[in-house]
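Engineer: Chain by chain, the residues run as shown.
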Amino acid sequence: MNNELLTLLEKDARVTPAQLATMLGREEADVVNEIAEYEKNHVILGYPALIDWTKTDDELVTALIEVRIAPQRGDGFDRIAERIYQYEEVESLYLMSGAYDLAVTITGRSLRAVAEFVHARLAVIDGVTGTATHFILKKYKEKNHLFTKLPEQEERVLFV
Amino acid sequence: MIDYESALSARVKGIAPSGIRKFFDLLENMDSSDAISLGVGEPDFVTPWHIRDAGVYALEKGFTKYTSNAGLAELRRQISNYMYRRFALKYDPMKQMVVTVGGSEGIDIAVRAIVNQGDEVIVPVPSFVCYGPIVELVGGVPVYVQTKAEDEFRLTAEALRAAITPRTKLLVLPFPNNPTGAIMERADLEAIAQVLRGTNIIVLSDEIYAELTYGQHHVSIANIEDMYERTLVVNGFSKAYAMTGWRLGYVCGPQELIRQMLKIHQYAIMCAPTTSQYAAVEAMKNGDGDIQTMCKDYDYRRRFLLDKLHSAGLTCFEPKGAFYAFPCIASTGMTSAEFCEKFLIAEHVAAIPGTAFGPGGEGFVRMCYASSLANLSEAMDRLDRFLKGLRSSGGSV
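Chains as they are written, first to last, in numbering that gives the first Met the number 0: chain Z, 0 to 159; chain P, 0 to 396.
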């Protein structure tokens with residue numbers, strides 16, 4: 000990746016502009032301006048934390064739903080996509096090549112809540128011709144982060 | 000009753016144990032759940048998965064036998080390509096290299112192949128701790144040449160010239176340098192070459208940190224006119240690919256020298272570990288990107304650490320290679336050993352006294368920045384606090 004500033008922020012958004020500037024050998028004001036520009040242009044969309052909800056008391060269910068749709072003249076897939084992504088439950092939405100058209104991930108409080116969303120909201124949208132719901136059983140890795148910590152080698156040399 | 004004293008070799012007994020043993024006994028005995036070590040000079044990265052996977056795969060296929068003494072032919076071909084691709088050095092894979100158990104073995108067999116009883120070996124210091132003892136083990140005499148902060152810890156032609164005697168057999172050139180982070184640029188090497196031309200001195204160029212330079216590409220002394228024929232280049236996989244535990248290195252050089260070194264390797268070692276060699280083939284074929292990623296990361300940390308050292312009030316020469324900073328702590332009025340001991344006890348941060356790296360290290364401490372930014376940041380906060388504490392209790396700093 001060529002844009003070092005964005006790469007660093009993607010790795011850890013909490014690093015301060017002052018520290019980023021030091022690490023990149025640049026002026027702090029310069030870095031602050033560049034970040035502001037990225038925010039304004041929607042290059043940087045947000046700064047969320049990555050959370051493993053299974054380690055909390057909240058029971059959440061995530062599903063990946065394959066959606067097949069009939070594209071519409073003029074709008075292609077976008078209009079239907081828009082109807083889908085406006086739902087708060089929808090975590091991510093991608094247009095896919097291959098056997099289906101849209102990949103939707105949604106997170107709900109229970110299996111029933113997710114099922115409810117699929118049959119009452121998603122499947123009935125005009126132009127949606129079919130859905131296949133896959134529940135996510137376990138997350139191993141997301142955004143380059145592992146959900147379980149790898150063991151560390153215990154016995155190590157003290158001095159090299 | 001066995002008299003172990005007289006049973007042991009006088010040379011082995013004559014070698015001093017590592018000077019910081021006491022220091023680490025201290026570390027082991029303290030309650031150190033919050034301890035941060037900037038003491039260990041190895042990458043904090045785990046070996047990239049595709050390289051580990053190649054090792055696992057070799058085991059699965061049952062490649063568990065000895066390889067040829069000099070190393071897998073495929074690995075030697077890859078090393079040959081690599082040396083040309085990265086450093087413009089041509090070595091015949093079948094005649095001019097030995098794959099060794101880490102760079103350390105390469106240093107050992109080079110010294111053993113070259114040094115006779117009483118021969119002198121010039122060792123610039125501060126530097127990695129192994130050269131002197133290895134020389135002493137074969138009856139050679141290490142001649143330490145101190146590099147200086149005002150020369151950016153480079154070896155100067157004048158200092159080298161002054162150290163050469165008729166008994167000088169070998170010059171160790173440990174750059175990029177552990178512990179100072181110093182590098183030798185082409186012009187510096189040209190000056191060294193000028194001193195060496197016309198002598199019969201061999202150069203042992205320890206280039207284990209060659210991939211870790213910041214702002215400029217590493218130049219080997221073997222690239223300098225007339226130097227190829229007298230240079231043994233030691234390199235390895237430990238630092239560049241984060242493969243310290245695989246124990247794999249190599250030496251490249253003139254056929255006449257390599258042939259003799261191979262004899263020692265043959266009898267003492269047989270061959271480097273087979274699993275590691277298969278993993279190393281993968282590293283050489285597809286690992287350039289890993290090096291670049293890790294090097295960039297070290298560079299971020301280097302700048303960060305240097306900035307924090309300066310704002311804490313310590314002077315530190317800008318390290319341009321390896322992954323160490325070598326700040327001067329003389330302003331505290333303490334010796335390096337005192338400083339490290341007090342810093343460890345008060346703030347639970349381990350750094351290494353410069354004196355561990357030979358004469359010339361007094362007044363400095365080595366901090367390794369191959370550690371996470373979070374660790375470095377915390378360590379530097381504690382350093383700042385430590386130094387402020389010293390000042391308020393009447394120290395000069």
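By construction, these hints were calculated from the structure, which means they are not laboratory data.
Please note that the accuracy of each hint is not assured.
[Unchecked claim] Taking lysine-lysine pairs in the BS3-like style, the calculated list, with each CA pair at most 27 angstroms apart, reads:
#1 Z:Lys137 / Z:Lys54
#2 Z:Lys140 / P:Lys295
#3 P:Lys295 / Z:Lys148
#4 P:Lys295 / Z:Lys10
#5 P:Lys295 / Z:Lys142
#6 P:Lys341 / P:Lys387
[As the list claims (entries may be wrong)] Simulated restraints on C-beta separations:
#7 P:Leu25 / Z:Asp57: 53 to 59 angstroms
#8 Z:Trp52 / P:Ala34: 31 to 37 angstroms
#9 Z:Asp57 / P:Ala87: 55 to 61 angstroms
#10 P:Leu25 / Z:Thr147: 32 to 38 angstroms
#11 P:Gly312 / Z:Leu44: 39 to 45 angstroms
#12 P:Ala34 / Z:Tyr46: 27 to 33 angstroms
#13 P:Arg384 / Z:His41: 48 to 54 angstroms
#14 Z:Lys138 / P:Phe44: 19 to 25 angstroms
Built from N, CA and C at the ideal position, the CB exists for glycine as well.
Engineer: Each hint needs a verdict: does it hold in this structure or not?
Structural biologist: Here is how each hint holds up against the structure:
| no. | hint | in the structure |
| --- | --- | --- |
| 1 | Z:Lys137 / Z:Lys54 | 12 angstroms, holds |
| 2 | Z:Lys140 / P:Lys295 | 24 angstroms, holds |
| 3 | P:Lys295 / Z:Lys148 | 24 angstroms, holds |
| 4 | P:Lys295 / Z:Lys10 | 14 angstroms, holds |
| 5 | P:Lys295 / Z:Lys142 | 20 angstroms, holds |
| 6 | P:Lys341 / P:Lys387 | 14 angstroms, holds |
| 7 | P:Leu25 / Z:Asp57: 53 to 59 angstroms | 45 angstroms, violated |
| 8 | Z:Trp52 / P:Ala34: 31 to 37 angstroms | 32 angstroms, holds |
| 9 | Z:Asp57 / P:Ala87: 55 to 61 angstroms | 59 angstroms, holds |
| 10 | P:Leu25 / Z:Thr147: 32 to 38 angstroms | 34 angstroms, holds |
| 11 | P:Gly312 / Z:Leu44: 39 to 45 angstroms | 41 angstroms, holds |
| 12 | P:Ala34 / Z:Tyr46: 27 to 33 angstroms | 31 angstroms, holds |
| 13 | P:Arg384 / Z:His41: 48 to 54 angstroms | 41 angstroms, violated |
| 14 | Z:Lys138 / P:Phe44: 19 to 25 angstroms | 24 angstroms, holds |
Figure legend: structure checked against the earlier numbered hints; hints not met, in rising order: 7, 13.
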